[in-house]
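Read top to bottom, the protein sequences are chains A and B.
Here the first sequence is numbered in the working numbering, starting from 1 and rising by one per residue.
Here the second sequence is numbered in the working numbering, starting from 1 and rising by one per residue.
Hints were generated in silico from the structure; no laboratory data involved.
Any given hint could be a false lead.
Computed spacing ranges between beta-carbons, pair by pair [as the list claims (entries may be wrong)]: (1) T115(B) / A332(A): 25 to 33 Å; (2) K64(B) / T595(A): 52 to 60 Å; (3) W119(B) / K390(A): 19 to 27 Å; (4) G110(B) / P280(A): 52 to 60 Å; (5) G145(B) / E277(A): 15 to 23 Å; (6) N307(A) / P98(B): 51 to 59 Å; (7) R81(B) / E449(A): 56 to 64 Å; (8) T115(B) / E449(A): 24 to 32 Å; (9) D142(B) / K390(A): 27 to 35 Å; (10) T141(B) / E469(A): 38 to 46 Å; (11) T141(B) / I525(A): 48 to 56 Å; (12) W763(A) / N144(B): 39 to 47 Å.
In silico EDC-like links for lysine to aspartate or glutamate, alpha-carbon gap of 16 Å or less [to be verified]: (13) K131(B) / D455(A); (14) K103(B) / E423(A); (15) K125(B) / E392(A); (16) K131(B) / E447(A); (17) K131(B) / E441(A); (18) K125(B) / E441(A); (19) K726(A) / E797(A); (20) K131(B) / E449(A); (21) K390(A) / D113(B); (22) K535(A) / E76(B); (23) K443(A) / D132(B); (24) K334(A) / D132(B); (25) K125(B) / D436(A); (26) K156(A) / E87(A); (27) K131(B) / E392(A); (28) K287(A) / D272(A); (29) K131(B) / E363(A); (30) K334(A) / E363(A); (31) K380(A) / E112(B).
So the derived list for chain A, only partly shown, Cβ under 8 Å to chain B, looks like this [stated by the list, open to error]: (32) L236; (33) G244; (34) G342; (35) Q534; (36) A699.
Please read all numbers here as calculations on a predicted model, not as lab measurements.
Cβ coordinates follow ideal geometry from the N, Cα and C atoms, glycine included.
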Amino acid sequence: MTNHWIDIKNSDCILVIGSNPAENHPASMLWVNKARDERGAKLIVVDPRFNRSAAKADIYAPLRSGTDIAFIGGMVNYILENKLYHEEYVANFTNASFLVNPDYKGPAELEGYFSGYNAETRSYDRSTWAYQKDADGNIKRDPTLQDPQCVFQLLKKHYSRHTPDIVERVCGTPKEKFLEVVDTFAATGAPDKTGTIMYAMGTTQHTVGSQNVRSYAILQLLLGNIGRPGGGVNALRGESNVQGSTDMAVLFHIIPAYMNTPSAANHPTFQDYLEKETPPSGYWKNKPKFFVSLLKAWWGDHATADNDFAYDYLSKIAGNHSWISIFEDMYAGKVKGLWIMGQNPAVSGPNVRFERKALEKLEWMVIQELVETESVAFWKAPDVNPADIKTEVFALPASDAMEKQGTIVTSGRLIQYRPKVAEPPGEAREDIWMMDAIYQELKRLYEAEGGAFPDPIVHLNWWHGADFEKICQEINGYWAADTDEGKKGEMVVNFTKLKDDGTTACGNWIYSGYWYPAPDGEGNIMSASKRRGQKDPGGLGVYPYWGFSWPVNRRIIYNRCSADSNGNPWSPDKALIWWDGEKWTGYDVPDFGKTVGPDQPNFNDPFIMKTDGKSWIWAGLNEGPLPEHYEPVESPTKNLLSPLQNNPAIKLWDTASGQDIGDNVGTPDQYPIVCTTYRLVEHWQAGGMSRWLGWLAEAQPETFVEISEELAEEKGIKNGEKVIIKSARGNIQAVALVTARFRPMTIDGRKVHHIGLPWHYGWGGLAKGDSANVLTPHVGDANTMIPEYKAFLVDIEKT
Amino acid sequence: MTQITRRDFLKLTGVATGGLLLPAGAAVAAGEIPVFALHKRIGEAASICPYCSVGCGLILAADKDGHVINVEGDPENPHNRGALDPKSIAVRQLANSPFRLRKILHRAPGAEDWTEMSWEEAIPKMARRIKDTRDATFETTDANGVRVNRTQGIAFLGGAANNNEDCYVAIKLVRALGLVNIEHQARI
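For reference, chain A alone in the conformation it holds in the complex (with noise of 0.2 Å):
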């Protein structure tokens, strides 16, 4: 999130799309009601359902799922056309007024395609989406937003073709309906009111999931919304942690604290690395402080400057080494071993089936977890036979949350602390403990008897062991040497001491100053991250000495944007920080220069990350610079928008396409119905630990899909029956919940069904059933790779 989950209550207008508050994370929607009881503000769902959040709605529009750019570009078009935007602050803060090389074509003109593509390689080359630049290496820029090379006028003429009709015609959404979204929330493009979006995988899981919200962010950076009190684009992340884990970098694409993994085709030496990763202003212009501190904390006395900070220790990506490919590389017998901490792939993957066979062709398997989960068990599932399976496996026994110490961090970037409060079961132990066990014993087999390259494990900094304290330490960051700033092994205050001399070691910099010791405003000192500081300064909801905010316990990022182009705030009752003529003062550590005045020339760049200190409208991604209405890889209807079908982007895979396991892809005449995924208050993910507690598995026993009352009369399908749902990939059973929560669409004047069901089931546990994944398909956005579990096709019928 850009904002945090209390700030929610500073809203004006709460627009809720992708995703489903009120039953996914229940207790933001005392936030969401707060803004509407005191403020007035109004609450708006757009969804293909009539979930639990459009139950508490002043608007719910209904939307066909995987059409989110669609209905963005109609609200983008609209604004623009209607002059709702903030014009002060669209001008100030964005793009918007950037010169756009001449040659840039948008799809409009090029039949769904930017300039620039390449068939072949199934990519773009950038180069006629970059800023024109004057003789001094400086972007061109036309303030009054007239030129028609503009980024602003560019945004207008793409999304001119989103007029309420298209709107209709391509999500389903009837225009009334549409207009009545856009009215509301577009009242928050006036200075003194902000609105927020909440949004989640709903938005994400899709072949265009990364452009859905750059949708989003280009909608709030429109309307003002960006840096305030109740404004902000609000991911709702899943997992009590995934923030954290995602902090930590346990994804192939990079290392704690977002900085790149090195590959093998763009950093071959140390050099090459700070040459590509750092750019030449903005704050990452500091990376190299950050990575080698990384550096440092990894491989201590053994990374120095000689060596180049044991850069080669680093494994570098060949390339793309995400979820489905790594599936994809099991099936293929590339991948032997298989290492899991409390993960549940063979209820949670894509083509589940698929990825399920993937697993039996394991070597072997380590999997820490606390149940006997369907990915424990995969070799004795109901449907294998167990003599084919040569997987060996350990199923190691963990503590849960509460029987170990940690942090963990809110979708807010929180980070709270909580205790040890429990014992954990029978030979259970914590996973640090785990690791720490299979490192030594890896270390002596490796001083022992050598092996390929032992050198990053043998040369480990591992000082820590599985104590607790020295791990956070580590996190944070400390001294490596004594220096004028700070003794060896003293923790950093925070990551602007760190350097990229090898005097300093930070295993995430983003979290430094998380467990340096802090007030709690109540007269107590501890680790930042375990106070429970109760005062809130100005009433925004901030709690500043609750727990700690990274970065540095800001609570609202880019928050320069709270106050206008004088330093003011550009309503009082949303007044987070400001300029009070010396420095930046208030609510909120700023996320500015505290001392950078009027007087200087970047007193009006916000966006500190960015080269140019500019939000983006206008920003480079595989699929183009801005976001394009293509449909779902299995869609019902031809793209509306423009003759090219689908993201020209994304990869589309082909194992065993044609076999009954197989990545197979089904079209509208064998598959008419779309379908989509979502999950409910009572479990929680792939089911581990909710469909083997009681309380939760009486609640919500079984799979169920719910059918529109027409569907279900055109199929002679009874509320209560057994169905089966059909996909290219493999058919379920489930039990038929005949709903009004879903209504047919009418998709360019055809009647189309849309039905959807909970992903939680598996075989094992005490609320059982069959997967909702045996159904999705195996293809991934064109940025992130994240699955389109969204939006695919299915058929149904009676059993």
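Given the coordinates of chain A, assemble chain B onto it according to the supplied hints.
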């Protein structure tokens, strides 16, 4: 009877320090905490719910053997102010579940069922597997002669319900082992 607010009770029993403490000491002696003839002594501590990403506060009560016996909302946590949803209310069933794995389970290739193992047996066996696969699949350089020092033969998945410190230690270790196939819930 002494009137005492929930907040004061928690303060006096040491919740503020995050520790698992039983009511004792000066506060009890001074008659500020009513002491009843309990048949079970418990302590309470503030924690954070392990389900969604709002980060609601819980007050967990555990007995002297470390069994969770109650969960309530933490009124001091600014996110939820004591309110809870069905999952967090049920969370003690997770701690105490009869389905919790209590032993290290081992399944031999082709076997129909588990056998039990001790940590002393399991750790060396797993390390051996990791080392052998790593050594067999390790690439020092790639086809272009670039030093890559990686293995594509092992993958690591998980875990978004793990603590920051768990994730940090895990990623430090698997990166040092040269893994590139590293993913978890955030990707899907």
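Hint check results:
1. T115(B) / A332(A): 25 to 33 Å: 30 Å, holds
2. K64(B) / T595(A): 52 to 60 Å: At 55 Å between Cβs, range holds.
3. W119(B) / K390(A): 19 to 27 Å: Given a distance of about 25 Å, which is inside 19 to 27 Å, the answer is holds.
4. G110(B) / P280(A): 52 to 60 Å: 59 Å, holds
5. G145(B) / E277(A): 15 to 23 Å: Holds, at about 22 Å.
6. N307(A) / P98(B): 51 to 59 Å: 53 Å, holds
7. R81(B) / E449(A): 56 to 64 Å: Because 57 Å falls inside the window, the suggested range holds.
8. T115(B) / E449(A): 24 to 32 Å: 27 Å, holds
9. D142(B) / K390(A): 27 to 35 Å: Because 29 Å falls inside the window, the suggested range holds.
10. T141(B) / E469(A): 38 to 46 Å: Distance hint for T141(B), E469(A) holds at roughly 40 Å.
11. T141(B) / I525(A): 48 to 56 Å: At roughly 51 Å between Cβ atoms, I525(A) and T141(B) fall inside 48 to 56 Å, so the hint holds.
12. W763(A) / N144(B): 39 to 47 Å: 46 Å, holds
13. K131(B) / D455(A): Given pair K131(B), D455(A) holds - Cα atoms ~13 Å apart, limit 16 Å.
14. K103(B) / E423(A): At roughly 15 Å apart (the allowed maximum being 16 Å), E423(A) and K103(B) satisfy the hint.
15. K125(B) / E392(A): Measuring from Cα to Cα gives roughly 11 Å; hence the hint holds.
16. K131(B) / E447(A): 12 Å, holds
17. K131(B) / E441(A): Satisfied, since the Cα-Cα distance of roughly 10 Å is no more than 16 Å.
18. K125(B) / E441(A): 10 Å, holds
19. K726(A) / E797(A): Holds, at roughly 8 Å.
20. K131(B) / E449(A): 10 Å, holds
21. K390(A) / D113(B): Within the cut-off at roughly 13 Å; holds.
22. K535(A) / E76(B): Holds: K535(A) and E76(B) sit about 11 Å apart, inside 16 Å.
23. K443(A) / D132(B): 13 Å, holds
24. K334(A) / D132(B): 15 Å, holds
25. K125(B) / D436(A): Measuring from Cα to Cα gives roughly 15 Å; hence the hint holds.
26. K156(A) / E87(A): 14 Å, holds
27. K131(B) / E392(A): 15 Å, holds
28. K287(A) / D272(A): 13 Å, holds
29. K131(B) / E363(A): 13 Å, holds
30. K334(A) / E363(A): Roughly 10 Å separates the two Cα atoms, so the pair holds.
31. K380(A) / E112(B): Holds, because 7 Å separates the two Cα atoms, which is no more than 16 Å.
32. L236: 7 Å, holds
33. G244: 4 Å, holds
34. G342: Cβ of G342(A) sits 3 Å from chain B, so the hint holds.
35. Q534: 7 Å, holds
36. A699: Holds, because the Cβ-Cβ distance from A699(A) to chain B comes to roughly 6 Å (cut-off 8 Å).
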